[in-house]
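The listed protein sequences correspond, in order, to chains F and V. If you want the numbering used here, it's the position in the first sequence, counting the first as 1, plus 20. If you want the numbering used here, it's the position in the second sequence, counting the first as 1, plus 51.
Calculated directly from the structure, the hints in this document are not laboratory data. The beta carbon of each residue, even a glycine, is placed where N, CA and C say it ideally should be. Check each hint, because a few of them may be wrong.
Simulated restraints, written as ranges between beta carbons of each label pair [said to hold, decoys possible]:
hint, chain 1, residue 1, chain 2, residue 2, range
1, F, CYS79, V, CYS173, 25 to 33 Å
2, V, ALA200, F, VAL221, 40 to 48 Å
3, V, VAL61, F, LEU100, 32 to 40 Å
4, V, CYS173, F, SER101, 35 to 43 Å
5, F, ILE49, V, GLY64, 53 to 61 Å
6, F, HIS32, V, VAL68, 18 to 26 Å
7, V, LYS196, F, SER376, 32 to 40 Å
To give a feel for the contact side, a few chain F residues facing chain V, derived at Cβ under 10 Å [as the list claims (entries may be wrong)]:
hint, residue
8, ALA70
9, PHE103
10, LEU106
11, LEU117
12, PHE118
13, THR146
Derived lysine to aspartate or glutamate pairs resembling DMTMM-like cross-links, with alpha carbons at most 25 Å apart [to be verified]:
hint, chain 1, residue 1, chain 2, residue 2
14, F, LYS42, V, GLU153
15, F, LYS302, F, ASP172
16, V, LYS243, F, GLU92
17, F, LYS379, F, GLU236
18, F, LYS89, V, GLU185
19, V, LYS111, F, GLU92
20, F, LYS96, V, GLU94
21, F, LYS302, F, ASP369
22, V, LYS111, F, GLU236
23, V, LYS84, F, GLU92
24, F, LYS89, V, GLU79
25, V, LYS196, V, GLU185
26, V, LYS243, F, ASP91
27, F, LYS182, F, ASP172
Listed below are the residues making up each chain.
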Amino acid sequence: MSDKHNKDHEEHHILPVSLYVKVFIGLIILTGLTVLTSMFDFGIMNIVIAMLIALIKSCLVVFFFMQLKFDEIGNKVTFLSAFVFLSVFILLTSSDLFFRKNPEPVKVTESANQGETDQNILRMATPALVAKGKAIFQVQCVSCHGVDGYGDGPAAAALNPKPRNYHTGVWRFGGSPTRIFHTITEGSPGTGMASYSNLSVEDRYALAHYVRTFNEHNPPDTAADLEAAGLTGNKKAVVAEVKPIPIEMAMEKIETPDQVMIPMGESAMHPDSQGAKIYRQKCVTCHGMNGIGAQVPMNEGQFPRVAPITKSWTGLQADWVDSQGAFISLVSNHFPGTSLASVADLTKDEWSQIYSYAKELTQAH
Amino acid sequence: MSDDHNHSSVIPGTHHVVPHHFASAYAEFDASKFGMWLFLVTEILLFGGLFCAYAIFRGKFPETFHEAHLELNKTLGAVNTVVLLFSSLTMALAVNYAQRNERKKSFWMLVVTLLCALTFLCVKYVEYSHKFHEGLLTAGFYHFKGIEAPNPGLFFSLYFMMTGLHGIHVLIGMSIITWVLLRTRKGDFNSKYFTPVELTGLYWHLVDLIWIFLFPLLYLIG
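Modelling step: build the complete structure from the supplied sequences, incorporating the hints.
What follows is the structure, encoded as structure tokens:
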């Protein structure tokens, strides 16, 4: 037992005080060195030098001040393993910074044909086009495809096959901009997807770019796509490299709240009448308090929206003023390209109330 | 030390009783020390998360980190580094003198260590109050106008998290050093039993170790 006893005493390493002082002086010199090197610009080497010096300093502290150099192998392995795990943690996480690829730039070709040039420009997504597409989508497409593009709009229940869910990234006729443009133009035979060729070319491309933002894996236009769209002829030159819209920006676009209409005008006539009540429920957001229209507020940094002001109808001496039937038909039938909401669920009495109220409003001007 | 391991034994010159489940006083010392090293591993991984966040955001916003670090006071940072390194020296010497049975010297070394820690926190207080005054605060509260790079609040979120957590460690270290210091004065430790002094030393050196990395990463971005 006494052997063991003696061995115990030997285990406590008592280092000379002078060694500690030397280590301290070394640490101070290294601190001075790291401050000194930080004053010069070595580019990327600054951080490497600083970390190297910090590493030497920490070794001095760990091995001498903490006496790990004279400690048992178990303690050495335990403590140093922390740094192994730490570097695995930091290096693996940081690797994301170095290996994350930005989307490949797409080459734009300018064509001699004016119409083709337009399409070749329009098929490149821009924030303005995506914003415009969103605005048109909210009017033309949400009833089937749903507000968020999940194919779950109110009308979807009655459809078979179901409307496209844009989040899946699955396409019947291809998901590149020109292919989606083609589907919007021609419709999808055998489904509820009609042709929207009544929309302008730009509007159809805007829609294509917007619905592409729901899934980040949608393919870009390939040479075959362009040929199918007839956009390869009479190539002049490669004029620019345009990057596709980054997915973060697209997501931001999706998340911006729907535009809010501010009703214009102040006074409403006969505010207590039944007609006024229906008007306030159904019409006032777009047509304004006294039928002169509404404004879409422009927030700073927002892209312009379509139809920033609705047309006033109070000054018009249109047919509907003289016939309730004409009024009902006008309001029930959707104006092509406008966002007049459906009000077809009104009863006969309510129709006559809103009709007379609308008539009163026109006479007030 | 008793040869009879079936009974607990008092270490001569102290009131410390070696619990009966340890074969010897050294076995107890060894186990305690291993426990401390394990704890220090968790400490490194705790700070590791913050260092990782730092690496990612510095990689993403290098200009922001460069511009923001100019608002830190290099001189005060360097002074604090020297103060902390010196406190590490005195802490190591306090353990050394305890091993040599030089209780008085050990006591005074602990006093100096404590004063250094206090100095460190005072300097930190000066730095923090300057930042608070200027609006150089964490992301949500940041309102300083002088930095043009994007997301400068990000740098100061990391600055306050990292130096703040380190500062809390300094505070905890100070209270433990005070406790060890009082016990040293009472004569609880000698060359046969100085485990608390040794373990406090390990903890204090780790606080120093963290600062060795924090100083160049926060104050000396090239």
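Outcome of the hint check:
no. : hint                                 : verdict
1   : CYS79(F) with CYS173(V): 25 to 33 Å  : 29 Å, holds
2   : ALA200(V) with VAL221(F): 40 to 48 Å : 41 Å, holds
3   : VAL61(V) with LEU100(F): 32 to 40 Å  : 36 Å, holds
4   : CYS173(V) with SER101(F): 35 to 43 Å : 36 Å, holds
5   : ILE49(F) with GLY64(V): 53 to 61 Å   : 40 Å, violated
6   : HIS32(F) with VAL68(V): 18 to 26 Å   : 20 Å, holds
7   : LYS196(V) with SER376(F): 32 to 40 Å : 59 Å, violated
8   : ALA70                                : 4 Å, holds
9   : PHE103                               : 7 Å, holds
10  : LEU106                               : 4 Å, holds
11  : LEU117                               : 4 Å, holds
12  : PHE118                               : 8 Å, holds
13  : THR146                               : 22 Å, violated
14  : LYS42(F) with GLU153(V)              : 21 Å, holds
15  : LYS302(F) with ASP172(F)             : 24 Å, holds
16  : LYS243(V) with GLU92(F)              : 19 Å, holds
17  : LYS379(F) with GLU236(F)             : 50 Å, violated
18  : LYS89(F) with GLU185(V)              : 45 Å, violated
19  : LYS111(V) with GLU92(F)              : 41 Å, violated
20  : LYS96(F) with GLU94(V)               : 16 Å, holds
21  : LYS302(F) with ASP369(F)             : 15 Å, holds
22  : LYS111(V) with GLU236(F)             : 22 Å, holds
23  : LYS84(V) with GLU92(F)               : 10 Å, holds
24  : LYS89(F) with GLU79(V)               : 20 Å, holds
25  : LYS196(V) with GLU185(V)             : 9 Å, holds
26  : LYS243(V) with ASP91(F)              : 17 Å, holds
27  : LYS182(F) with ASP172(F)             : 8 Å, holds
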